[in-house]
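K.L.:
Sequence:
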Amino acid sequence: MQITILGAGNMGGAIACGLAISGCIRPQDITVIDHKGKNVPRLKAVSEDMNIVVADYSSISSADVLILAVKPWMIEDVLKTHKSLLNNPKQLIISVAAVITLSQLQEWTNPTQPVFRVVPNTAIAVRQSMTYITSQNADKEQKEQVFRIFSQLGKAEFVDEKQIPAITSLTSCGIAFAFRYIRAAMEGGIEMGVYPDQAKEAVLQTLRGAIDLLEANGNHPEVEIDKVTTAGGITIKGLNEMDHAGFTSAVIKGLKASNVK
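Positions in the sequence shown are counted from 1; adding 10 to them yields the numbering used here.
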């Protein structure tokens, strides 16, 4: 399988790195098109065998899978400019650009082209993304092919396109929200006298533990919270203070603000 990734920035580069180290795709079968060439050293450091090209779009025509990882406002222009290279009706075209719909991808390619919208997050570089997939004009085998690719890079799931905006908030934007919580918790720890590296490790391991607990027992988070909040204890005081300051409301408002349809 030949895969061409159009765009070598944060997301395109992360997908390329994840695929290269996954073992499911040979690095020499991955071509990354970098518009300006500034990402070549970073990607080559992951695998010398990956094909990193600068403003050379010829691989588009021979790719079995074309992954569009440029900014959303560039997608239409890129597809129309290189439409002559989109000459394989069975080529799988995958867009990771937020807000670009399946109908738009169809319009800018051809009416029967198998097209996919995929919502990963940057943890795809370390094969820990939560990736959601939706498609149009794809048969069962083609859907399974795309699912196999992205399930090697974390967890993957098919959804209806109407869910994509909300899922983008929870996962693609959500990873930034998670980092912001980690940063805030670190700063709180530092203010209380914990050294920065200690605070970071403490928060990361605590989050790992919380995730493993929920995955192991399937409980609602509130069930696990109840186990920690002793009557009159310090945990409930901290939780109440956070909610008084708008913690839960701020999270919900942030998610809804990034839910762009």
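Hints are computed from structural coordinates only; laboratory data are not their basis.
Incorrect hints may appear among the rest.
Stated by the list, open to error - Pairwise CB distance ranges (calculated):
| hint | residue 1 | residue 2 | range |
| --- | --- | --- | --- |
| 1 | R36 | A241 | 23 to 33 Å |
| 2 | V270 | Q38 | 35 to 45 Å |
| 3 | E197 | D66 | 43 to 53 Å |
Claimed, not checked - Below, a list of computed lysine-lysine pairs in the DSS-like style, where the Cα atoms sit at most 27 Å apart:
| hint | residue 1 | residue 2 |
| --- | --- | --- |
| 4 | K210 | K81 |
| 5 | K54 | K81 |
| 6 | K165 | K266 |
| 7 | K90 | K271 |
| 8 | K172 | K54 |
| 9 | K150 | K100 |
Backbone N, C-alpha and C define an ideal beta-carbon position, used for all residues, glycine too.
K.L.:
Which hints, by number, does the structure contradict?
P.N.:
1, 4 and 8
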